[in-house]
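Chemist: Listed below are the residues making up each chain.
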Amino acid sequence: MSKKSSSKLSAPIDKLLMVTPYPKAKATMNETSLSDLVPTGTPVVIHLYTG
Amino acid sequence: MDAWAKRYGDSAAFICVSCAGPQLATQFGNQQRLQHCHNTWVDQDDMPTWGQLGCNGFIILDSSHSVVCKASRAYLEVREQAFRHVETLLSALIVEKPVPKQEDGSVDPSVGGACAKVRFGSKDAEEEKEEQQVSKVAKVSKVASVKVAALDDEHEQCEAVLAKLAQQRNAAALQELLSVYEEHFAHEEALLDEHLYAAAKEATGFSADKGARTSHFGDHEALLNSVRKMIDDRADVSATLASVSAAEVQKLASEFEKHATNYDGAYADRLSAAMAAAA
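Residue numbers (the working numbering), protein chains in the order written: chain A, 1 to 51; chain B, 1 to 279.
Note that these hints are calculated values from the structure, not bench results.
One thing to keep in mind: the hints can contain errors.
What the hints assert, rightly or not - A partial selection of chain B residues facing chain A, derived with a Cβ cut-off under 7 Å: (1) 25; (2) 33; (3) 180; (4) 231.
Remember, predicted model here, so these are calculated numbers, not experimental data.
All C-beta atoms, glycine included, are put in the ideal place defined by N, C-alpha and C.
All chains, please: the whole structure from these sequences, using the hints.
Modeler: See the structure below:
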């Protein structure tokens, strides 16, 4: 993400902590990055939430 | 997001990011039953450097993970059209990939016009459920307590007027609902601004409280606009004669319940604690 040219805007988040899927949804301390979570070549939709 | 993730499979990724800690992330994952999209949270040190909450628009990255859309159309402003906007952008981004499998080959009426409303063969479960709900008398559910007595009373008033609307189904009851909503939302916003969002209003850059305030207050406006539009649509007919369909009442009741669950439930603990501390 940090190697992009200045004309391209990077995602507002990079370091993420994972939540396990429903029906056992639980926030974990398992850390990942956007690029590790989603391989290059795949478009991404990001939903920021606070409630 | 989860429905999209299921539908698009490997063609696109969908990431939900809690900006209010791990507890909310867990709660959100369970409430929204997130199985297919990525549900995540960010630590205080890694908060978004820019952006907005989802109901003010999603952020869309292309396949090289560069931002192609900082904010898709806001659900608060255009409701379902917001989802169509995201799908249109995604279609353009994944055009070189195999087309994702579409369930039932349905085309949204917003894209396909009147023709898209015609369906052959069996209805999907969601559609049948919707029709069953409409055929029943609109049901008004009791919303959860927000732990502030005055606001709980006002929520009960809203429910009572919605129940009256379900029974009378006329524009006079709609007008009454609008008055009750206007008074309640104004009071709730004043309390939130005084006790929770005083600093957030002035915040620059990303602020979770500022985002929550914008979304919550924006949803108030959307609820008011739904009622106002229904009243405007009946402007030429006497208020007691202008009828309101069961489906419209159900829509209003569902929107109110959804709002109470998604927004009011989120402030309950903090607001009641802040008000108790200030007393």
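Chemist: Hint by hint, note whether the structure agrees.
Modeler: Evaluated hints:
no. : hint : in the structure
1   : 25   : holds (4 Å)
2   : 33   : holds (4 Å)
3   : 180  : violated (24 Å)
4   : 231  : violated (30 Å)
Violated hints for the displayed structure, listed by number in ascending order: 3, 4.
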